[in-house]
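Each protein sequence line maps, in turn, to chains A and B.
In terms of UniProt numbering, the first sequence has 20 at position 20, counting the first letter as 1, and numbering is strictly consecutive.
In terms of UniProt numbering, the second sequence has 125 at position 125, counting the first letter as 1, and numbering is strictly consecutive.
The set of hints was computed from the structure by calculation and includes no laboratory data.
Owing to the predicted nature of the structure, the values given are computational and were not obtained by experimental measurement.
Certain hints may be false.
[Unchecked claim] Output of the computed footprint for chain A on chain B, the stretches with three or more beta carbons under 8 Å from beta carbons of chain A:
id	segment
1	225 to 238
2	269 to 280
3	366 to 373
Just so you know, even glycine gets a beta-carbon here, dropped at the ideal spot from N, CA and C.
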Amino acid sequence: MVDPITVNTNAGETLLRFRDDVVHDEPAVTLDAFLGQTNATAVRLEAGDDARELLPHLGQIALVEISFPTFRDGRGYSAARILREAGFEGELRAAGDVLVDQIPHMRRCGFDSFAPEKPVDAATLTKLLALYPQPYQKAADARVPVWKLRHG
Amino acid sequence: MYRYDEYDQSIVDARVEEFRDQVERRLSGALTEDQFKPLRLMNGLYLQLHAYMLRVAVPYGTLDSRQMRMLGHIARKYDRGYGHFTTRQNIQYNWIKLADAPDILAELATVQMHAIQTSGNCIRNISSDQFAGAAADEVADPRPWAELLRQWSTFHPEFTYLPRKFKIAVIAADEDRAAMRLHDIGIQLLERDGVLGAKIFVGGGMGRTPMIAHEVKDFITADHLMSYLEACLRVYNRYGRRDNIYKARIKILLHEIGVDAYRDQVEAEFAAIRDLGIDPPLAELARITAMFAGPDFASDAPDSVDRSDPDFAVWLDQNVAAHKQPGHAIVTISLKPIGGIPGDASADQIDLMADLAERYGHDELRVTHAQNIVLPHVRKADLYAIWTALRDARLAEANLDLISDIIACPGLDYCSLANARSIPLAQKIGERFAGRQRELGELKLKISGCINACGHHHAGHIGILGVDKKGTENYQLLLGGSGAEDVSLGKITGPGFDEDGVVDAIERVTDRYVALREADERFLDTYRRVGMQPFKEAIYG
Ligand code: HEM
Ligand code: SF4
Numbered sequence: 001m002v003d004p005i006t007v008n009t010n011a012g013e014t015l016l017r018f019r020d021d022v023v024h025d026e027p028a029v030t031l032d033a034f035l036g037q038t039n040a041t042a043v044r045l046e047a048g049d050d051a052r053e054l055l056p057h058l059g060q061i062a063l064v065e066i067s068f069p070t071f072r073d074g075r076g077y078s079a080a081r082i083l084r085e086a087g088f089e090g091e092l093r094a095a096g097d098v099l100v101d102q103i104p105h106m107r108r109c110g111f112d113s114f115a116p117e118k119p120v121d122a123a124t125l126t127k128l129l130a131l132y133p134q135p136y137q138k139a140a141d142a143r144v145p146v147w148k149l150r151h152g
Numbered sequence: 001m002y003r004y005d006e007y008d009q010s011i012v013d014a015r016v017e018e019f020r021d022q023v024e025r026r027l028s029g030a031l032t033e034d035q036f037k038p039l040r041l042m043n044g045l046y047l048q049l050h051a052y053m054l055r056v057a058v059p060y061g062t063l064d065s066r067q068m069r070m071l072g073h074i075a076r077k078y079d080r081g082y083g084h085f086t087t088r089q090n091i092q093y094n095w096i097k098l099a100d101a102p103d104i105l106a107e108l109a110t111v112q113m114h115a116i117q118t119s120g121n122c123i124r125n126i127s128s129d130q131f132a133g134a135a136a137d138e139v140a141d142p143r144p145w146a147e148l149l150r151q152w153s154t155f156h157p158e159f160t161y162l163p164r165k166f167k168i169a170v171i172a173a174d175e176d177r178a179a180m181r182l183h184d185i186g187i188q189l190l191e192r193d194g195v196l197g198a199k200i201f202v203g204g205g206m207g208r209t210p211m212i213a214h215e216v217k218d219f220i221t222a223d224h225l226m227s228y229l230e231a232c233l234r235v236y237n238r239y240g241r242r243d244n245i246y247k248a249r250i251k252i253l254l255h256e257i258g259v260d261a262y263r264d265q266v267e268a269e270f271a272a273i274r275d276l277g278i279d280p281p282l283a284e285l286a287r288i289t290a291m292f293a294g295p296d297f298a299s300d301a302p303d304s305v306d307r308s309d310p311d312f313a314v315w316l317d318q319n320v321a322a323h324k325q326p327g328h329a330i331v332t333i334s335l336k337p338i339g340g341i342p343g344d345a346s347a348d349q350i351d352l353m354a355d356l357a358e359r360y361g362h363d364e365l366r367v368t369h370a371q372n373i374v375l376p377h378v379r380k381a382d383l384y385a386i387w388t389a390l391r392d393a394r395l396a397e398a399n400l401d402l403i404s405d406i407i408a409c410p411g412l413d414y415c416s417l418a419n420a421r422s423i424p425l426a427q428k429i430g431e432r433f434a435g436r437q438r439e440l441g442e443l444k445l446k447i448s449g450c451i452n453a454c455g456h457h458h459a460g461h462i463g464i465l466g467v468d469k470k471g472t473e474n475y476q477l478l479l480g481g482s483g484a485e486d487v488s489l490g491k492i493t494g495p496g497f498d499e500d501g502v503v504d505a506i507e508r509v510t511d512r513y514v515a516l517r518e519a520d521e522r523f524l525d526t527y528r529r530v531g532m533q534p535f536k537e538a539i540y541g
């Protein structure tokens, strides 16, 4: 999906979603709580949490929310890729200090939902997402890297 | 040399557009300075004491004459008529207006250049050996690998908000001309059983806690280089410290958890990702390598040089190195005239160097980490004509690797973090030793205006560090560092000095060296043999 759908949640959050399934409305629990009571289906990872601890349980998880305490903290990008590389297909949400200029990279790392603290400008986002015709690297999205275009 | 295809060009063009939009949003107030800062930094735009500074990338230090002329054009049109070549083989302009920056990037893009990731907490410009493709001692040209890394690291989606900046160097010879082991990742190409691969060193760096990179991987072949490096970076991105900017470099992570633990984590990560199709096919490296095939050298170029002009002969012995091709030579153009600003070149000098490259040098130039310029492929028969043209442009200082070939950071004249000035001190040292520098032989002197070590003072045979002593500028002296294959970190001699005092102290050190040296020992060799004590005595009496 190229352009996001804006959704207002019951909790009063504005979400930008790049998926058209129904928003998962079970509140996300912390990693510790999740590992202690394994019937939860939504988890919130803090920036320092180890995403790999979720890997044995991916089948039961519908939503992983990854927190960005400041836009400078890039740990969540790795967490997202780790989950996608392990085959996670549920909703992957970036929450917190998420800036519009960061969303294209986050998309490439596998995020498909965004809960930015401060609203992002939709027109700017649309423009940014369409800006780069192709990426240099293979990442967690479906975009085809330049080397693949060159060599098939 | 590498040439962009339509894909490379479209990416660089898109970057210009993106940055233009970001600058517009900043000027309109839609972005705060705090939000704009990481965006502009990712594009090499710093705010200095007096103006914006723009750092333009020169990937692995290689340029053609058209690109070099563009650098001169930018100096003339948007700056004050000069540029500053840096220790990471880039060029900086010190007097840039924010509103001009997008136009500068657009002009650069017309000659396949950019300022992408020349600052910020991301993977920076990949540096390499300035003699690549010309050196007699290399197993291969390292630049195709560096170009592969450039593409991989450009807008890497996972590694754009690292704990701290990340610097990578690639070399392919035993002689290390790129300070490889003082990089976050150092890569040395070598051949094993007929296969070219890379040895990977991690955790080097300067700054306030200098460290030499550790060997982390003995040998990795090209088909898994990217996935291995992603593993190295991912471990750092996840576990590097973010609580303290001074402890955020990867060297601190390795220091705290130990090399073996780091290596184990990287291997675990590598095992998880190596088969995910992250690595480009070998055909991509082959495509790039073909572009670095190098010029067709004349096989009958004469090998002898007329040395009858004594000034020319001095320069020839000092600044000209052996080329792998008979009848050819490598010229290093010194940007360190006595009394000048190390690394600065005027627009006219930049144009002249471009002309010489075009006329005599198969259209190639290199920037060195010691802030000089190299013509890597010239015929010996043309050396005299080249020298004459350089001399007329004040570019023929015969001081490569001598005490006046100083690396110096911008220091207090430009930099808001500085404790002390670097440039005037470099000028004084050059003037003091100009007459006897040849007698002193190879002596690498490096000056930083503060503990951040932009001027590589830890790696100087003689290093100088500017410190603040109760509000006055003060200089500490270090001895015994090296950024080459015999890498080591300098040690502080003792109490610091004022500006004239440090020049006097260096004189006492060099006098003692001359008295102690055996045979053709360099200063560094003598220091390593006799230790600090005799020099301490000479300095402090
Ligand atoms: C004038 C503006 C500049 C500022 C504010 C600045 C700032 C810094 C800072 C804060 C560091 C320490 C980073 C760390 O240890 O994590 C650093 C390191 C460095 N800078 Fe600069 N710098 C400036 C100019 C330059 C210039 C002109 C050069 C090249 C000639 C340069 C080359 C370097 C190098 C080589 C390092 C050492 C990297 C390492 O620790 O491995 N810098 N700079
Ligand atoms: S070493 Fe210090 S004074 Fe020199 S440029 Fe770097 S930050 Fe500025």
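Status of the hints after comparison with the structure:
no. : hint       : verdict
1   : 225 to 238 : holds (count 4)
2   : 269 to 280 : holds (count 6)
3   : 366 to 373 : violated (count 0)
Hint 3 from the list above is the single one not met by this structure.
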